[in-house]
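**Q** Quick mapping for you: the protein sequence lines, in order, are chains E and G. Going by this note's numbering, the final residue of the first sequence carries number 301, and the count climbs one at a time with no gaps. Going by this note's numbering, the final residue of the second sequence carries number 378, and the count climbs one at a time with no gaps.
Calculated directly from the structure, the hints in this document are not laboratory data. Just so you know, not all the hints are guaranteed correct.
Pair ranges (Cβ atoms, derived) [to be verified]:
no. : chain 1 : residue 1 : chain 2 : residue 2 : range
1   : E       : K48       : G       : L374      : 40 to 50 angstroms
2   : G       : P146      : E       : M293      : 45 to 55 angstroms
3   : G       : P146      : E       : D59       : 21 to 31 angstroms
4   : G       : E346      : E       : E291      : 52 to 62 angstroms
5   : G       : N174      : E       : K55       : 47 to 57 angstroms
6   : G       : L349      : E       : M97       : 33 to 43 angstroms
7   : G       : G218      : E       : R29       : 28 to 38 angstroms
8   : E       : A60       : G       : P146      : 18 to 28 angstroms
Covered stretches of chain G, as calculated for chain E (at least 3 residues, CB under 8 angstroms) [to be verified]:
no. : segment
9   : 150 to 159
10  : 352 to 359
Small disclaimer: the values here were computed from a predicted structure and weren't measured. Every residue, glycine too, gets a C-beta built ideally from N, C-alpha and C.
These are the residues of each chain, in order.
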Amino acid sequence: MASLSCVLRSGRVTVRDALNQAMDEELERDERVFLLGEEVAQYDGAYKISRGLWKKYGDARIIDTPITEMGFTGIAVGAAMAGLRPICEFMTFNFSMQAIDQVINSAAKTNYMSAGRQSVPIVFRGPNGASAGVGAQHSQCFAAWYGHCPGLKVVSPWSAEDARGLLKAAIRDDNPVVFLENELMYGVPFEMSEESLSKDFTIPFGKAKVERQGTHVTLVTHSRYVSFCLDAAAVLAKEGVECEVVNLRSIRPLDVETIEASVMKTNHLVTVEGGWPQFGVGAEVCARVMEGMMGPHRPPH
Amino acid sequence: PCLQGARAVVSSRAFADFTPKASFEIKKCDVHRLEEGPPGQAELTREQGLHYYRTMQTIRRMELKADQLYKQKIIRGFCHLYDGQEACAMGIEAAINPTDHVITAYRAHGYTYTRGVPVKQILAELTGRKGGIAKGKGGSMHMYAPNFYGGNGIVGAQVPLGAGIALACKYLGNNQVCVTLYGDGAANQGQIFEAYNMAALWKLPCIFICENNKYGMGTSVERSSASTDYYRRGDYIPGLRVDGMDVLSVREATKFAADHCRAGKGPILMELETYRYHGHSMSDPGVSYRTREEIQEVRSKSDPISMLKDRMLSNKMAAMEEFKEMDSEIRKEIEEAALFATSDPEPPLDALCDHIFHNDLPLEVRGTTPWSKLKSSS
Chain E
1 MASLSCVLRS GRVTVRDALN QAMDEELERD ERVFLLGEEV AQYDGAYKIS
51 RGLWKKYGDA RIIDTPITEM GFTGIAVGAA MAGLRPICEF MTFNFSMQAI
101 DQVINSAAKT NYMSAGRQSV PIVFRGPNGA SAGVGAQHSQ CFAAWYGHCP
151 GLKVVSPWSA EDARGLLKAA IRDDNPVVFL ENELMYGVPF EMSEESLSKD
201 FTIPFGKAKV ERQGTHVTLV THSRYVSFCL DAAAVLAKEG VECEVVNLRS
251 IRPLDVETIE ASVMKTNHLV TVEGGWPQFG VGAEVCARVM EGMMGPHRPP
301 H
Chain G
1 PCLQGARAVV SSRAFADFTP KASFEIKKCD VHRLEEGPPG QAELTREQGL
51 HYYRTMQTIR RMELKADQLY KQKIIRGFCH LYDGQEACAM GIEAAINPTD
101 HVITAYRAHG YTYTRGVPVK QILAELTGRK GGIAKGKGGS MHMYAPNFYG
151 GNGIVGAQVP LGAGIALACK YLGNNQVCVT LYGDGAANQG QIFEAYNMAA
201 LWKLPCIFIC ENNKYGMGTS VERSSASTDY YRRGDYIPGL RVDGMDVLSV
251 REATKFAADH CRAGKGPILM ELETYRYHGH SMSDPGVSYR TREEIQEVRS
301 KSDPISMLKD RMLSNKMAAM EEFKEMDSEI RKEIEEAALF ATSDPEPPLD
351 ALCDHIFHND LPLEVRGTTP WSKLKSSS
């Protein structure tokens, strides 16, 4: 039976509430899960994503940290090494740059370096990319930087269903997961299916979702830009151009199969993202598509 | 009792001939924000003494063997040797339980051993073979064991990790402590002060230990630190400065520190004054920034293994022959381990991509070209 206390009267759920409910359920399900970050407890979260959690779970499990990213990220990673399952919140991923050594060198690489002896079951989450007029230092998209590194799983939800399913999967994953949210999506409501509201609903990593079928051009995108693509698709449909919109959901691993199948169908590809173009997610998508078209076992197109 | 040639028949001596237990004066610790420090006396039983000697000598010989293998180019990459500092690793282990936790930086071979990894698996990891503790994929700086979190290559990064392990101990309520080690070179890292703050704020059972061997790579403490009183650098965290060349001092101080943490008083900081005979790593002869005379002086006056042996001999706690026999056994153990480490095969190429993830289904990994795929199992 689905139960989601935040389901709006319209039956829709905002991304914020989906994230909140997912964390609440996972905290309840597994005592080893805890949340730490700046303002996550008494402030209810800088963007209210953790609203109500401190009241329910208390100081031991919802931990306000000082403004010391490198230190608290290292502490979170250490706690994960010692058997807990932390959710480490970055107020925005721009601040994760201060702690990036702990994310990459202490978390991502450790299972490999230890030949599987030492796992790091941790989730790093927070808003990523551009917001509304917050300035250059607060607007960087980190999908490409984190997506570059083996040992990490990197996901970028768009809808409330994405947020709920991917976050649950991330918390249950025994590996370090970088969970890239978007501030401007937090307040956006979405329909949610009965299935997606169930307690064990998870979305597998490495599977993109075709949000809109089309035949003329493939739009590959992630996060907030799925909305942009759907809006563009509606405009283009009036001119007789049918766009296929592929919501990546997962940056690493990347669902190359779904992208390739779509491009084989439409013969046209546009990548749409919030990050900078050089060495970015779109660049990687294009490279993979081109390699796929040119390998020895693929016919030239 | 009769002596057969150069070897004593030790078993022919009655145990009553040896002092079973003796008390030794140990150097008083400098204290910071503490009413009193560890006791000025330490008790040592014969069994403990023999065990500490054996352990320290094994570490010593293992490190010297690593030096030899490195010079033969059988070990490559980074290799940071611990000889001279054995009393730190042994003293700490003697004061804590196997269920307590230890994390250190890259000069980690000694701790890898005291935390239970056999010499054979340490040397084979250094030579990059599949019989190594990390299957040949970690190398010198990335060896792990239960409750031992490496081996960490990024200077200072292990300190917040250690505070996090302590947080887990508190969270789980298991009365365990985490010993979090770093060097004098790391002691100025900002993230260490961030860890101090959170450990003190949340009363984490974390024993921060600075192994001060006087040089961060080639930079002496006077040239790197505005304050070289590393035991005071925790400010609001109580601190102890300890003679790190005396295994009993280290043990007593660590016991004191562990009791402090287990009593729920929060973190504590220890500075162990110690010394490394080798340079920073195998690519450093170690004499451009310090004198040979200094190294020789420490060797002759403060060697941790000699000090323990002399104490035991002068108190008739053991016979010279026993030490010689242990040395001979250790030599044999190291030789056998080295033989294994040089003859064991390297990990197979199809294991290259394993362990990218934990507890996952096997996945395909791109090889050198887009159509050459490698397999990764967890």
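**Q** Are any of the numbered hints broken by this structure? If so, which, sorted upward?
**A** 4, 5 and 7
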